[in-house]
Each structure stands twice: as structure tokens, then as C-alpha cells.
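Here is how the chains run, residue by residue.
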Amino acid sequence: MALVTSNNYTNSALRTGDVDTYPERKVGEFIGTVVSNASVNDEYKHVVLKVHPQALKAYAGQMFHLLCPSPDGAEVWMRRPMSVYRVDRTNGQIEFLYKIEGRGTRGMALLEPGDDFNVAGPLGHGFTLDPSWKNIAVLGRGVGLATLAPLSQLAAENKVGVTAILSARNPGVVMSKKLFDELGARTMVVLDSDNSSAVENVEKILGDLIARRQADAFFTCGSNRLLKLMQRLGKKHAIPGQVAMEQIMVCGFGACYVCMRTFEVDGQKVLRRVCRDGPVFNMQEAVGW
Amino acid sequence: MALVTSNNYTNSALRTGDVDTYPERKVGEFIGTVVSNASVNDEYKHVVLKVHPQALKAYAGQMFHLLCPSPDGAEVWMRRPMSVYRVDRTNGQIEFLYKIEGRGTRGMALLEPGDDFNVAGPLGHGFTLDPSWKNIAVLGRGVGLATLAPLSQLAAENKVGVTAILSARNPGVVMSKKLFDELGARTMVVLDSDNSSAVENVEKILGDLIARRQADAFFTCGSNRLLKLMQRLGKKHAIPGQVAMEQIMVCGFGACYVCMRTFEVDGQKVLRRVCRDGPVFNMQEAVGW
Amino acid sequence: MVDLSVKIGDITLQNPIQPASGAFSWEYNDVIDLNRLGALVAKTICREPRLGNPTPRMAETEAGIIQSIGLPGKGIEYFVDHIVPEYAKFKPPLVVSVNSETIEDFAALAEELSVPDVDVIEANISCPTRNQTGGNFAMHEDYTRDCITAIRAKTKKPLWVKLSPNAGDIVSIARAAEAAGADCLVIANTFLSLKIRTDNFRPALGNKFGGLVSPALKPIVLRMVYQVAKQVKIPIIGVGGVTKAEDVVEYMLAGASAVGIGYAGFRNPTALVQIIDDLEAWCDERGIKKVTELIGAVKDADMESDPLVAASVGV
Amino acid sequence: MVDLSVKIGDITLQNPIQPASGAFSWEYNDVIDLNRLGALVAKTICREPRLGNPTPRMAETEAGIIQSIGLPGKGIEYFVDHIVPEYAKFKPPLVVSVNSETIEDFAALAEELSVPDVDVIEANISCPTRNQTGGNFAMHEDYTRDCITAIRAKTKKPLWVKLSPNAGDIVSIARAAEAAGADCLVIANTFLSLKIRTDNFRPALGNKFGGLVSPALKPIVLRMVYQVAKQVKIPIIGVGGVTKAEDVVEYMLAGASAVGIGYAGFRNPTALVQIIDDLEAWCDERGIKKVTELIGAVKDADMESDPLVAASVGV
Ligand SMILES: Cc1cc2nc3c(=O)[nH]c(=O)nc-3n(C[C@H](O)[C@H](O)[C@H](O)COP(=O)(O)OP(=O)(O)OC[C@H]3O[C@@H](n4cnc5c(N)ncnc54)[C@H](O)[C@@H]3O)c2cc1C
Ligand SMILES: Cc1cc2nc3c(=O)[nH]c(=O)nc-3n(C[C@H](O)[C@H](O)[C@H](O)COP(=O)(O)OP(=O)(O)OC[C@H]3O[C@@H](n4cnc5c(N)ncnc54)[C@H](O)[C@@H]3O)c2cc1C
Ligand SMILES: Cc1cc2nc3c(=O)[nH]c(=O)nc-3n(C[C@H](O)[C@H](O)[C@H](O)COP(=O)(O)O)c2cc1C
Ligand SMILES: Cc1cc2nc3c(=O)[nH]c(=O)nc-3n(C[C@H](O)[C@H](O)[C@H](O)COP(=O)(O)O)c2cc1C
Ligand code: FES
Ligand code: FES
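Protein chains in written order, with our numbering: chain A, 1440 to 1728; chain B, 1440 to 1728; chain C, 15 to 329; chain D, 15 to 329.
In short, the hints are calculated from the structure, not lab data.
Note that CB positions come from ideal geometry on N, CA and C, so glycine has one too.
Don't take each hint at face value.
Computed list of lysine to any residue pairs in SDA-like fashion (alpha-carbon distance at most 20 Å, straight line) [claimed, not checked]:
| hint | chain 1 | residue 1 | chain 2 | residue 2 |
| --- | --- | --- | --- | --- |
| 1 | D | K222 | C | D320 |
| 2 | D | K304 | C | D213 |
| 3 | D | K313 | C | A73 |
| 4 | C | K244 | D | T143 |
| 5 | C | K88 | B | D1716 |
| 6 | C | K222 | D | Q241 |
| 7 | D | K88 | C | L322 |
| 8 | B | K1465 | C | K103 |
| 9 | C | K222 | D | S319 |
| 10 | A | K1675 | A | D1655 |
| 11 | D | K88 | A | D1716 |
| 12 | C | K88 | B | Q1707 |
| 13 | C | K313 | D | R216 |
Label-pair restraints from in silico Cβ distances [claimed, not checked]:
| hint | chain 1 | residue 1 | chain 2 | residue 2 | range |
| --- | --- | --- | --- | --- | --- |
| 14 | A | D1705 | D | D47 | 34 to 40 Å |
| 15 | A | N1480 | B | E1551 | 27 to 33 Å |
| 16 | B | A1595 | D | V323 | 36 to 42 Å |
| 17 | C | E115 | D | E100 | 53 to 59 Å |
| 18 | D | R64 | C | S186 | 39 to 45 Å |
| 19 | A | D1633 | C | S319 | 41 to 47 Å |
| 20 | B | R1454 | D | S19 | 54 to 60 Å |
| 21 | B | A1595 | A | N1480 | 55 to 61 Å |
| 22 | D | E307 | B | E1551 | 41 to 47 Å |
Based on the provided sequences and hints, a complete structural model is requested.
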């Protein structure tokens, strides 16, 4: 059976062809149309949405706040934040790579081509590339790869070389390798199953990159352990870095102060909003996650 | 997208093949499987459900309490009562004829073959046929016909003749004629569009039936105006009658006292529960509706 | 297999699941085996026969229902002679809920209801649509104390007291009820509410005000149970929004010894029995030997109080 | 076309839709044109810079969320110097919500906030996770009177007072606020609540208790607005569960002059503007010339009181 929009709520989101009556908007509430929603492996799915052109302004590290459909006839009360996985300006599409976790993502997993999907965004500050950088090192794990993947798109556009180290439990759940490969990144896979994902080994890989001046900046997401490693090496070798953080969110606009993470700035601990001050932060300032 | 059962609630209803661990039950909570859910006209649909054999005990005038799916992703909080339209013991199916009114019935309208549908019943006291009756007169309108239709089945089984007068706005929304016809009832259609449904005309038709001794008992549902007419004629000619009543319900079991209607018994007004004392009542006692 | 039995004072319930007053009758034996329940709870009875409130008595809201039944019934004589025997056919203890406009009559009713087949008197001092000095005593500490003291003097049956979520300071009222001799607190009745129809500008219920019933309210009632449990020694029965076994666990963790269920039984007539089965399975999966281990077992002693530390770990 | 403007004391709002404090900031201009709103309402500010509560600060419940933010902020100086100017870029009146632990400081803060760009002071005396003599004065008539009297003496700005749904007798508290000089009552803040996780037996929020936010609560808050409107002369702003234009109508019928919206704006960031448009269309379809016609227009005078009559007509 097909769901329509609940009468209990407003329905003012922009559809693909709608005229935007508030074109000044930085952020939109959009009703995208599901183009596909395929499984990547047992745990992850990949959804492609046709959206209003305003939504295509999203760039790497920014997120959308998703009004997930109900998996079970009881309402899902809060939006769920997701990094934009890919922006396909040619086809007017945005994509998300997501892990099926709880109710919200289970609801997402039910979406079928042609279904509506209400997404708000793009939100927050994403990754930035310094014009002086020639090569960057990207290290991600799990769902963090969804956040890091579009960085290779950004890097390709800016003619920056990318080495992407993808960490995963086993070969079956390695993700986004194809996307990184396509966009010209050098990809390396490290696995728990053969112990190559151990911190010492990853440290060695990063050390090599540093030695070969292939790491003008560090980027990470998805593992506290890997963040700590990059922080340590970055500090030692004076390599700047960026990390994308996660936290439970309500508004996504910086208004509610629900999504706080701790940062250390000039020796002092402060709280910052992941949704608006981030989700991408100076790697050295992040205290943990 | 397909809905599964909400995690917020229990899921203990009996499916078609389940062993009933409480066979003493008079009433069951069943998960039927939708066989078909077709439109009858612009306003009405007809749903056929494959159900556990225990549900097939239902007879004319009894009702089920339906857990309608959500039409819009927001929960439908209460069950909706519906008369059983037909019990098909051969195929293990029950059927409902329903009018698309509000949220609950809009949710029902979305059901597709193969979907689950949770129904509780059979509930209440239905129609009864006195062995001495040879011919009965049935007068219904709108959704009332859904309640009266299975009476023709009951009558056929008891070899009682039926004259069914079906009142409707126009030829396009006449319903259940086929079902009455099939079960051997004499059917007559009266319409607003040609004024044949006017009280005077229906009174004339009933008068004829009485004169020809074709009306050992009266049955009605669906219109207060027609109820008053049958009450008047029934009183005058000492013809017993039964009426099926409606009221907003919560429990359906007689526990909550939400579904009250007024009756006059021995000159005294009393309240009775439609769900348990009815929904079928002595026509002369009903005060109105 | 887990031992699901719990004690409420001197009464042992075979499990902590019981229906909520007004949402249940012996007639539910049509659909579930009543002998499986922890207790049977009859609809609140008053002295005189009552018609109840004008219809409509229920209206659906955005996330729940409001209802205003008005305590209809055939009066106490009929109740004792005809309804108590219906319940007596079943094994679980019978809890009889009672309400009155005056304290004296309340006590007298409790006395008259103290017949052998009645196991517990539940004083419904919290009917939301009655006024605060007549039937809805649970809005005030003093009225509560006076009412329960009077009832306590007239009956030796276990006395449970149903409190109101509309009271501002439920802890003080709970303590007043305990001090006056209550054996158990039932927390809580329904939330006084109103729905106005935007099609005809009229209140949706015949009685205007009604009590809101919704799973959405569970966090409020749970908070009340938690607060009261820290301040009283007598057992608590949590009532409000229980629709699944985890909700029973949550109430017990907060300090309840048992729960009462209304709405869930309307939505799924077989819910109460299923929740018992699910609770058993839940405990067995976790190796919990006695369900009573859950009572008050919330881990609230070592919560992180520094926001800077909290915001650097986990989600 | 309907005239949507409403007056709250001397302030005219172009329409009765405004955000609820804490659920909004000027940053929402990213997604909606803030100049369309009836008013702008800033998050509650305290004197000192505050970190707020330990995370998690929000947890989803069966039908809504509980949240406990803990009034974080950069303190009043930063607020006046940097945040007020952000709001001043927009045309609708600016409502500044304020809270303090002590009555004296509360009044002093109100005075310091009475700068030209601030149009209204909203005294948030109902923060659910503060205690009743420190910041959550709205649980008691006396505290409310003393607090509002003190604030009134220190500011000439319109003074709105946000009440608590956790109070038992909101009518008396509303009257106390009115008597002490409030120009408008904002009804209501959030319901004190608790969620316990059944996986680890811990409270779901870092601060343990939180305020429940859910459309399910609208019938309770609506009842409060209705009761208070019958007893006070000053205008009321209804806050709680407004998610669509009909909810605005329902609050106005009950006696509110305007509404505040939180949750709906989280669910649908463009909701507030859409609700304004929908309200306009709703009035136009019905030939309502001024939205103020709806205020208190509930038809509650001729309700059928005989259950025997009521149960013989309609559904
Ligand atoms: C900036 C950002 C980007 C993200 N990008 C992605 C992505 O690209 N792909 C992906 O699969 N996941 C991503 N996540 C995590 C994703 O938001 C959560 O997995 C998701 O919210 C879980 O929702 P659920 O209903 O399935 O799980 P539930 O467990 O049912 O969620 C319960 C509640 O917790 C909240 N919650 C749970 N986990 C998280 C989390 N990690 N972050 C924020 N809120 C959480 C949910 O909002 C919900 O309120 C991102 C999170 C953030 C903050
Ligand atoms: C014994 C009985 C048998 C019925 N048989 C049929 C039938 O066979 N076919 C059919 O189409 N309809 C039948 N009805 C009416 C049917 O129950 C309502 O049309 C239905 O409940 C409307 O629900 P809704 O959500 O679509 O409408 P809504 O307007 O959204 O309903 C709102 C609320 O009002 C209640 N309600 C509204 N109308 C009625 C009503 N007439 N009776 C009871 N509750 C109502 C609903 O339960 C709900 O709580 C019967 C009613 C009763 C009491
Ligand atoms: C239709 C209905 C009738 C009720 N009647 C009574 C009653 O007579 N006495 C009483 O103490 N509570 C009564 N209640 C309140 C319930 O006992 C219970 O406190 C409330 O429904 C909350 O529990 P729930 O969320 O499980 O439904 C009634 C509730 C409903 C829905
Ligand atoms: C995240 C969040 C933060 C809030 N912060 C405040 C606040 O600072 N001051 C205040 O008076 N109310 C605060 N509230 C309460 C809201 O203003 C409002 O009263 C409540 O959300 C009910 O309205 P709603 O149902 O439209 O959300 C907050 C609510 C939420 C959800
Ligand atoms: S989610 Fe509201 S401030 Fe970040
Ligand atoms: S619906 Fe509960 S008594 Fe009829």
C-alpha cells in the first residue's frame, strides 16, 4: 500500500518542478522522488533522489535532515541526519549511502522508486580544500565512508590527488571503493578479517604517505580510534586535518542546541553544534566521539 | 512501500493457519490476508479477507472491529466497527462493504491483495429469524445495506423469502443488488433521483407487501427516516422488526460504555451498548439514531 | 523460566500485568483467558445507578483518544449481586474500583464492597471530570488524606489508591495517601483534556472535557512513578501507555511493582496475554530469574554530570 | 481576504503564528522568510554563560520526543550585543525569553533586556527541569505572583509569562500572573518526563528528566487555554502540539489570540510559513473576515446535557 502525506502536518516542501517563492534560501525542505534504493550489502543501502535544483548546492561533508517514512505504521517523530553521498548535478539527483540501524533507517529501506522522500538541507559546513594542497589522505570506516566519499568528487574538481584508506570488517562490507576509484582516488582497503586494519598497520600506511609527501591534509570520519591516530600523526607532522562528527539532532539549523560535541580550543574545552558549527571540524580540536 | 506491524504493539492475532491456544474464544483477534479490495463505486469498496476458521462463525448483523492501516504515516488510534458483509465458509473468507469516510476507511482503501489486516470479532448480537416467519421485508440505505445484505444469506439458509428495498441517491450508487439477487431475494430499487425513494412511495411499497402477507418481519439499517417509517407501520400492523444501529466505539466488548444508544423499554428510556447489547435491536425500542 | 509473580502488600499476583479500571470487564473472557492475568480490575462503581455522560463519549485526537464516560453503572447493589459473581468465576484476585462524591459515602461504599469475593478495594479518587472536592480528591493533599483515612477506617481489605496526573505535586499526594493507610498507589488516571471541532466549533465530547489516553503520555506517568517510588514505601502500579513488554520493564525499572493496561487492550484485544508472554521471554533471554529484580533497578546513581565529558563520548 | 492580524496588548502581530522559544533562531532565515512570521521568539537567555545539560539532550519516545537542553547560551551581554542585532534585521516584533534562579536577578535581567530592539519580555518561569523555587516558579501561585511583580517593577516592555503544564491548578497561577502585571500568558511549556532505556537500564537523557514534546499533548494544553481564557482578561498564546492550520483555529476557538510552534518546525522546517498560508485559506473558504472572530468562539453554551437525548441523535 502506498503512503500519502499525513494530514496532521503541513506539506510545503519543494518538488522537482516547483517555483521557489523564497529563492534566497540557503536551505530547503524538498520532496525528492526516489529513483532507486538498492542494497549495497547486508547492512547498507544506497538511495538516489531526483530533487529540486536548489538541493544540488550541497557539497562534500554537508548533510540533509531526512523525514524517514514509518517502517511500521507508527510515526517516526524526528528527522535523521545523513551526509550527502553524491551530488549528481547533470541528472538533478542527490544520493545517500546509509546503514540500516533503527526505525528511521528501516523506514528509508522501504522506499521504492517513485516514492516521495522529504529531505531538508543542505545543512552545516562541509569539507574545505586549501588551494595549496596537492594530495590529501582520507581515512574512513563504516558509515563514515558515506561522508568522506564526496570529498573525492570535490578533490577531483579541484585537481587534488586523493589517497583513500577504507577500513572495514571484511571484504563483504567494504564500501564506496568504486566511487573513490571512479573519481580517480588511489584506494587501499584495510580489513579486520586479515588484521590489516589494526592501528599499527594504518599508522604505517599513513607514515608512508607522509614520507612521500602524499598527505598535505588528513580527513576522517566514522571511527574514534582512527581519529585519535590521525590527530597524533597530524600533530607530530604538522598536517592539518578535518573530521566529520555525529550527534543526535533535532533542528539541524543551529537553534536547539541538542547536537553538542566537545572541542578543545586554545586549551579550553567548549561545546559546539554539530549541525551548524560542523559537521566538519578542525581535526585537532575534536575531543572525541 | 510495504508496512509491517508496529513494534510498539503486540502481535498476537491469529493468522489463517495458526493453532488457536484458546479455542474457547467466542471472539478472536485475527490477521486476515487481503484477497481483493475492489471499488464498488466512487464511494464504496469491497474487501475480501482470508481468515482463521474461528472468524467464520460470524453471522448476519454481527460486526468486526477493524484495525485500519494508516492512510498517511500517522497512526490511526482506534479500531473501526464494520458489519460483516458476507461469510464465505467454503473459501474461508469474510467480506466487508465499506464507505470511504474518514481516515480509517481511507486507510482500508489502500489495502492490496496479500496485505495483512487485523480484525477482531465477530462481535455483538446479529439478526435473528423466527422459525414462524416465511417472508421478511428488508429496507436499507447507503452503508446500511452492507449490514442487511448477509440477512439474505441467513434467510436463504432458513428458507425464508426476502424482499429487499434498496434506497439510494441515484442508480450509480445502488449497492448489493447483485448479492441480494443471487441469494434469491426479490429486490426493488428506490432512488432520490426519480423521487421513488420518498417516504410516501416506500410506505406504499411496504403497504403492498403487508397486504400480500410478504412481510412477517421488518429489518432496517442506514436511515433514521426509514427506521421511523418501519416503526410506524410495524406498530400499526403488529409486525415485529429489527434494526441495526451505529455508534462510535472503543472496546467492542461491552466494557467501556462508549457506544450508547437510547431505547424505550416499557415506557422507560434506557441506554444500551450497541457493541454488545446490539448492534441489532428490537426495532420498536429504538428511539433514534 | 522467570518467576513473574509480584507481591502487592499481602496479595500475590501471578504476573505484573492487569487491566486498567474502566477499560475491562469479565466479558473480555470472550477473547482472552482471564485466568492468565495478574488481577481482574472492575470498572469504577458508584452507589446510585448512573447513566453516565452525554454521547459522544470518545473522540480520536492526533495521537490518542479523549474519553468521558461519566462512570455509568447499575449501582452498588446490582454490582455486588450480579457483577462480583461474574468475576468470581475466575482465579486472579478481583480489584473493585469505587468512587463517590463525598468522603462519608466513599467510606461507606468501601465497607459495603468488602464482601468475600472482593480481594482489593481501589479508591478511584482521580476521576478527571469530577470536581476537586467531589470525587476527584487526588488534586489535593488534604482531601486525599481525609478521604483515604475515612475509607481505611471502614475496610480491612487491601486498599489501593488511584492518583491523578493532573495534580501538580503528585509526590506529596502520594505520601498523604500512604500516611492515611493506602496499601498501594495506582499511578495514574487520565489527563484532563479538550478537543474542539473546527468544522462546527463545538467540543467533540458530549461532556466537553475528557481524559486523554495515549501511549504518548507514558514518559510523563513514568516520571511520576519514578518520583513517587523514591518517596514512598508501599508498592506502585504504573498505568499509562503500556502497550508492550518493554513498557512493563520500563515502569518496573522506575519503581513500579506491576502495571495496568487500558488502551493497548482496545487496540489489540489479545494484548494483555501477549504482553505477559513477551515479558516472560524478555526476562528469560536476559537470564532474569525473578521479575521483581527489575523493580526500581534503574541505573541512575552514576550519571555523568559534566556536559563537556558527556559530549565527547557515544551518541 | 482575511485580516490575519491580532493584537497582544499594544503589540500588533501581522498573523497569529510565532515560533516557540528554544525551537527557533534567526538562523531559520536560511529556510523561511522570517518577515512572514507574527513574531520572532528568541531562545531563553540567562545571565551567565551556560553549557547546558549533559548529552544526550533528546530521545525519541513512542509518540514524540523528550528533551532537556538546560538553557545553554553565551550569557546576557553577548545576547544583547550580538544576538539581538541579528533579530533586529527582521521586521516582526522580537520576543526575548528570559529565565533566572532568583526573583531579584530575574527582574534585573528583564531590565537589562529592555533595550530598544527588544519588543517583548517573555518570562520563562516554567523551565521543567529547574526546581520550583529556582527558575520554575510557575508551579506555585505565590512564587509566580512574587516573580512577576518584581519583573513588572523593572520593565515597561510588554511582559509575557510562560506557564507550566505541570502545575496542578493553572487557572490560579494564571490569575496570579495577571494580577501581578502580566500582559499576556503563554500556555504552556513542556511536560516533565522520563524515559528509561530497557537495554541498559539507564535514563535516556543525560539530565535524566526532560520535557515531553508531542502533538499528542495538544488536548491537554488546549484544555488549559480554555480554562484560563474563561478566567483572565489578558490575551493568551497557546503553545503545544500545533502542527497545522486547524490547530491554530482550535486554540483560537478555545480563547487563544495566537499560537507558538516548536515541534512542527522541526518536522517541517517550512511549516510556520505554510501554516500562515493555510490559515489564510481556511478563513477565506469560510468567509471569515478577521481571524480575531475566532478568539473564544467555541460553541459551548448549548450543549445537550441529557444523555438519553444525546444518545438518540447523530454519531
Ligand atoms: C552529520 C551526520 C551525518 C551522518 N551521515 C550518515 C550517513 O551518511 N549514513 C548513515 O548511515 N548514517 C549517517 N549518520 C548517522 C545517522 O544519522 C543515524 O544512523 C540515524 O539517525 C539512525 O537512525 P535510526 O532511526 O535508524 O536509528 P535509531 O537507533 O532508531 O535512532 C534513534 C534516535 O537516535 C538518533 N541517532 C541514532 N544514531 C545517531 C547518529 N549516529 N547520529 C545522529 N543521530 C542518531 C536518531 O536521530 C533517533 O532520534 C549521520 C549522522 C550525522 C550526525
Ligand atoms: C455496528 C456498526 C456497523 C457498521 N458497519 C459498517 C459497514 O459495514 N460499512 C461501512 O462503511 N461502515 C459501517 N459502519 C460505520 C463505520 O464504523 C464508520 O464509517 C467508520 O468508523 C468511519 O471511520 P473513518 O475513520 O473512516 O471516519 P472518521 O470520520 O475519521 O472517524 C472518526 C471517528 O469517528 C468514529 N466514527 C465515525 N463514524 C462512525 C460510525 N458511523 N460508527 C461508529 N464510529 C464512527 C470512528 O470510529 C472514529 O473514531 C458501521 C458502524 C457500526 C457501529
Ligand atoms: C474508556 C475508558 C474508561 C475508563 N474508565 C475508568 C474508570 O472507570 N475508572 C478509572 O479509575 N479509570 C478509568 N479509565 C482510566 C484507565 O483506567 C487508565 O488509567 C487510562 O486509560 C490510562 O491507561 P492506558 O494508557 O493503558 O489506557 C478509563 C479509561 C478509558 C479509556
Ligand atoms: C529543543 C527544545 C528546546 C526548548 N527550549 C525552550 C526554552 O529555551 N524556553 C522555553 O520557554 N521553552 C522551550 N521549549 C519549549 C517550547 O517553547 C514549547 O513550549 C514546546 O516545545 C511545546 O510546543 P510544541 O508542541 O509546538 O513543540 C523548548 C522545546 C524544545 C523542543
Ligand atoms: S540539531 Fe539543533 S542545534 Fe544542532
Ligand atoms: S464499544 Fe465499549 S461498550 Fe461498546
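Against the structure, the hints:
1. Under the criterion of a C-alpha separation no larger than 20 Å, the hint pairing D:K222 with C:D320 is consistent with the structure, at around 13 Å.
2. Using a Cα cut-off of 20 Å, the hinted pair D:K304 and C:D213 holds, with the two alpha carbons roughly 17 Å apart.
3. Our distance criterion of 20 Å between C-alpha atoms is met by D:K313 and C:A73, whose separation comes to about 17 Å.
4. Pair hint C:K244 plus D:T143 holds up; C-alpha atoms about 17 Å apart against a cutoff of 20 Å.
5. Distance restraint check for C:K88 and B:D1716: the Cα-Cα separation of roughly 15 Å lies within the 20 Å cut-off, and the hinted pair is therefore satisfied.
6. The suggested pairing of C:K222 with D:Q241 holds, with an alpha-carbon distance near 12 Å, which does not exceed 20 Å.
7. Taken as a hint, the D:K88 and C:L322 pair is honoured in the structure, with Cα atoms around 16 Å apart against an allowance of 20 Å.
8. Annotation: proposed proximity of B:K1465 to C:K103 holds, straight-line Cα distance about 17 Å (limit 20 Å).
9. Taken as a hint, the C:K222 and D:S319 pair is honoured in the structure, with Cα atoms around 10 Å apart against an allowance of 20 Å.
10. Distance hint between A:K1675 and A:D1655 is fulfilled; the C-alpha atoms sit about 13 Å from each other, no more than 20 Å.
11. The suggested pairing of D:K88 with A:D1716 holds, with an alpha-carbon distance near 15 Å, which does not exceed 20 Å.
12. Distance hint between C:K88 and B:Q1707 is fulfilled; the C-alpha atoms sit about 15 Å from each other, no more than 20 Å.
13. Taking the CA atoms of C:K313 and D:R216, the gap is near 5 Å; set against the 20 Å cutoff, the hint holds.
14. A hinted range of 34 to 40 Å for the beta carbons of A:D1705 and D:D47 is consistent with their spacing of about 38 Å.
15. Checking the proposed 27 to 33 Å range against A:N1480 and B:E1551 shows it holds: the Cβ atoms sit about 30 Å from each other.
16. Judged by the Cβ atoms, the range 36 to 42 Å given for B:A1595 and D:V323 holds: they are separated by roughly 40 Å.
17. For the pair C:E115 and D:E100, the supplied restraint of 53 to 59 Å holds, since their beta-carbon distance comes to about 57 Å.
18. The hinted range of 39 to 45 Å is not satisfied by D:R64 and C:S186, whose Cβ atoms lie roughly 30 Å apart.
19. A beta carbon spacing of about 43 Å between A:D1633 and C:S319 agrees with the range 41 to 47 Å that was offered as a hint.
20. The supplied range of 54 to 60 Å is met by B:R1454 and D:S19, whose beta-carbon atoms lie about 58 Å from each other.
21. Taking the beta carbon of each, B:A1595 and A:N1480 are about 59 Å apart, inside 55 to 61 Å as hinted.
22. Checking the proposed 41 to 47 Å range against D:E307 and B:E1551 shows it holds: the Cβ atoms sit about 45 Å from each other.
Hint violations for this structure: number 18 only, all remaining hints satisfied.
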